Amino acid sequence: MAYTTPLAVRKLLPGLLIGEDDMGVVSSGTTLTLESPAMDVITVEKNGIVLSEFSDFTFTRPRTITLDTEAAGENFIATCYYGAHDSDIDDIINRADRTINAFFSSMQLPSADYLNDWSSVLAASLYLKSFATANDENIQRANALETIAMDGMQTYKDENQEEETQRTNYTYVVTVN
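Oh and the sequence shown: position 14 is 14 in my numbering, straight run, nothing missing.
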């Protein structure tokens, strides 16, 4: 069972999953292809003018924008939502959880609250690294999230291993006396 949910991961990423795809000047044709797969297209600009979805263009996942009129040398920029399906996020959560399990392999796992927090933060980090590879700002955010989770896990481990060692020593002393 996963330590967190896709919803918890998404809550950590508001506004970070939106980006622009500058397709540049399109000399002709009615089909635009996004550089990165997207869940949805929020807007399409043609020479700085925002087009209306359904009347000026349609979007077909994951990368195709079909214009209602043929392009003739205009510059196109699409603002896209780079989301993922729950099943994709579940796969990322499983990767995060494996990292947590390996990290705590030498001791008892922490409580569900800790696991949920660390799993969410690690999964958000992995998500950003997977889906925002061309965006340096999101890569920096991903690295910061990973550091937060790993530092928290290390602090927990250090504090609890010390307690476990003290309990073991105490038990040993009691046993010897």
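Everything labelled a hint here was simulated from the structure, so no lab data went into it.
Bear in mind the structure is a predicted one, so any value in this text is a computation, not a measurement.
Beta carbons: idealized from backbone N, C-alpha and C, even for Gly.
Careful, some of the hints might be misleading.
Quick list of the computed label-pair ranges, beta carbon to beta carbon [unchecked claim]:
| # | residue 1 | residue 2 | range |
| --- | --- | --- | --- |
| 1 | K157 | E20 | 37 to 43 angstroms |
| 2 | T69 | T147 | 44 to 50 angstroms |
| 3 | I139 | G48 | 44 to 50 angstroms |
| 4 | T60 | M107 | 46 to 52 angstroms |
| 5 | E137 | E45 | 18 to 24 angstroms |
| 6 | Q108 | N143 | 36 to 42 angstroms |
| 7 | E137 | M1 | 30 to 36 angstroms |
| 8 | D88 | I49 | 54 to 60 angstroms |
| 9 | R98 | E20 | 20 to 26 angstroms |
| 10 | N143 | P37 | 20 to 26 angstroms |
| 11 | T64 | S106 | 28 to 34 angstroms |
| 12 | D88 | E159 | 32 to 38 angstroms |
Now the hints, each set against the structure:
1. K157 / E20: 37 to 43 angstroms: Because 41 angstroms falls inside the window, the suggested range holds.
2. T69 / T147: 44 to 50 angstroms: 48 angstroms, holds
3. I139 / G48: 44 to 50 angstroms: 29 angstroms, violated
4. T60 / M107: 46 to 52 angstroms: 50 angstroms, holds
5. E137 / E45: 18 to 24 angstroms: 21 angstroms, holds
6. Q108 / N143: 36 to 42 angstroms: For N143 against Q108, whose Cβ atoms are near 29 angstroms apart, the range 36 to 42 angstroms is violated.
7. E137 / M1: 30 to 36 angstroms: 34 angstroms, holds
8. D88 / I49: 54 to 60 angstroms: This hint is violated: roughly 34 angstroms between Cβ atoms.
9. R98 / E20: 20 to 26 angstroms: Given a distance of about 34 angstroms, which is not inside 20 to 26 angstroms, the answer is violated.
10. N143 / P37: 20 to 26 angstroms: Roughly 23 angstroms apart at Cβ, these two residues keep to the hinted range, so it holds.
11. T64 / S106: 28 to 34 angstroms: Since T64 and S106 have Cβ atoms about 50 angstroms apart, the given range 28 to 34 angstroms is violated.
12. D88 / E159: 32 to 38 angstroms: Holds, since D88 and E159 (Cβ atoms, about 35 angstroms apart) stay within the stated range.
The structure fails to meet hints 3, 6, 8, 9 and 11 from the earlier list, while all remaining hints are met.
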